[in-house]
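A.B. asks: Add chains B and V to chain Z, keeping to what the hints say.
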Amino acid sequence: MVRALGWLSAIFLGVGLIMAFGVAPRESTQGNVQRIMYVHPPLAWVAYVAFAVVAAASIVYLVRRRPAADRLAHASAEVGVIFTGLAIATGSIWGKPTWGTWWTWDARLTSVAILFVMYVGYLLLRDTIDDRERAARYCAVLGIVAALDMPLVHFSVYWWRTLHQPPSLMKPGGFSGSPAILWPLLVNLVAFTLLYAYLVAKRARLLGAARGALA
Amino acid sequence: MTFARRALVVAWKDLLVERRSKETLNALLFFSLLLLFIFQFALGPDRERLAGVLPGVLWLGFILSALLALGRTFLLEREHDCWEGLLLAPGDKSAIYLGKLAANLALMAVVETLVLGLFVIFFDIDLGRAFPGLALVVALGTLGLGAVGTLFAAMTAHVRAREVLFPVLLLPVQIPVLLATVKATEALLLGEPLGAVAHWMKLLAAADVIYVVIGLLTFDAVLEG
Amino acid sequence: MTTEPVIRLGDVRKAFGDQPVLDGVSLEVRRGEAVALLGGNGAGKTTLLKIVATVLRPTSGHVVVAGHDAVRDAEAVRRQIGFAGHGTWVYDDLTATENLRFWATLGGRAPSDAELSAALVAVDLERTASARVRTFSAGMKRRLSLARLTLFQPAVLLLDEPFGGLDQRARKWLEGQLETFKSRGGALLMVTHSFGRELGIADRIAILAGGRIALDTLRGGLDPDDVQRLYAAHAEEGA
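Those protein sequences? They're chains Z, B and V, same order as listed.
Residue numbers for the first sequence follow our numbering, so the first one is 1 and each next one is one higher.
Residue numbers for the second sequence follow our numbering, so the first one is 1 and each next one is one higher.
Residue numbers for the third sequence follow our numbering, so the first one is 1 and each next one is one higher.
Isolated chain Z, as found in the complex:
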């Protein structure tokens, strides 16, 4: 089952990347760097999905104290932080030639950056507590607080950036919705989601094995 997931994600990823970097038409104003926009939104999407999974698994763990729920939360956080980092990186790489700067306090980028920091905090907390059971419990609480905080972050950052100045600079690479652009995006979206699921499944299994009989 997990292996099938792996193969499926590899296939989709292969197709998606070829479509993004090979087949899709070259954008007129931004050039080839715009192709990153086929990859960046899917990465950001997974970053948020991964955190939602952390939150859901955390709630399940607190209510039912199932070790499997904790492993899922842990694995999702570890995989999620990587995707979030990549989302920020790809956003930056796109931003440099487009805006002339590596970083801008654009609402969306800022929100993802804050998400990244929440992930790191979660993983730090896990690392610092030796008692496995307590670490699971405390991380579950943190996961829930952080997740419920994200909507507040989203709104506050958006208002912060847009209420006194013109709407956000970042338009998603000028998508017009034409099929030539939509398909690579969708394929990559599915691909990255599958890849996330595959990595989390593998990681959760690894965590379970590491804990041995106590799991």
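The reader is advised that the hints may include incorrect statements.
Claimed, not checked - Derived coverage of chain Z by chain B (criterion: at least 3 residues anywhere in the stretch with Cβ under 8 Å from a Cβ of chain B; other residues may be distant):
{"hint": "1", "segment": "77-87"}
{"hint": "2", "segment": "135-141"}
{"hint": "3", "segment": "148-161"}
Everything labelled a hint here was simulated from the structure, so no lab data went into it.
Every residue gets a Cβ at the ideal spot worked out from N, C-alpha and C, and that includes glycine.
C.D. replies: Chains B and V only, in chain Z's frame:
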């Protein structure tokens, strides 16, 4: 009601200990004073420039003081196994959370009043009509800080790197509160009516409700050893 | 008179990380009975007591106290037990009376001044009722924590070396209190290090060694030398 009585006795205990030992409050007050100096030196004597960043600086002051005050919430319980006592006392543990939160809010109220007063004096601010609105913003923002801070203080109480981990966990979560309070303060100090910052106030209120409810629901799990 | 045990431990195991401390402990304490738990340093006596008190969770096994599962129903257990561990649960900057008032109120009671005063009189602390606990000796703090226990009427008492640091008079008082407690049907589980007079209150002794109960026997008829011999025989084995 027993719940209220238990919450009150926790707050009473904390405030009584604080009044007698004077450990936290005096240091906090002095720290706030010090911050004012540091800000002056760091930001330069240029009045115009300062006026622009005043709301941010004010809330930086509040947050830094809050980090110190909140981080120490459960320090007392580390002596003589009192934490164990809190855990074994039969009854709803969220009463303990509320009591601790109430004591923290009282402490922070004292500090913030002083800081605000000093700001008005040092930076020659005319609060005037803005005061009621400002008081509301400060109250809502402090409640947000306190609600999560009290919970996280319990979480980091037994952890090795407590002094570092506590701010690291608290600050990202408090970004919405920081943005809302600074923006609202900014607008109010410029003379705008409270209605102009209604959306920020609603955000603060929503945040406060969310944080307190989570605190009440999860404190059990955190107190548990 | 029911013979259903008030405390029932079945195959309790506890490991801290990879370190096993308890490796299959089974023990019972009945109504009106006092069991003394003996064992060498690091044998896990305090850990076991804390598990019964719901301070710690066992890694596996079942723990039933006063009819409630200590893991799933910890709050119900806490309402029935009185616990005095190594820590005395005192706040140094409060007075003796204020300390008692705090713990009584947090425990759901609303004690009168007379009650608090009586509790302090019982442990011979009434003269220092308004003194800050910071000025107390270790023995006085220990007596204060015992006074705390008298404010409640638990069905089970879990005590970790309760006679430690007490003078002659306090010891006699405690013995009397525990006898009364037993006669009213209370169950007592007591961790102790000494084989002397303190064991007088115990109906049974259990020796913890190698993570298990190595010996569980009636105390009646055993004098301190006998206990010493049994201890030497069992406590060291498997350790």
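A.B. asks: Hints first: check each against the structure and report whether it holds.
C.D. replies: Here is how each hint holds up against the structure:
As drawn, the segment 77-87 of chain Z meets chain B at 0 residues by the rule of a beta-carbon pair under 8 Å; below three, the given contact is violated. Closer than 8 Å: that is the beta-carbon criterion, and the segment 135-141 of chain Z has 4 residues meeting it against chain B, so the requirement of 3 holds. Residues of the segment 148-161 of chain Z lying with their CB closer than 8 Å to a CB of chain B number 9, which satisfies the three-residue condition for coverage.
Hint violations for this structure: number 1 only, all remaining hints satisfied.
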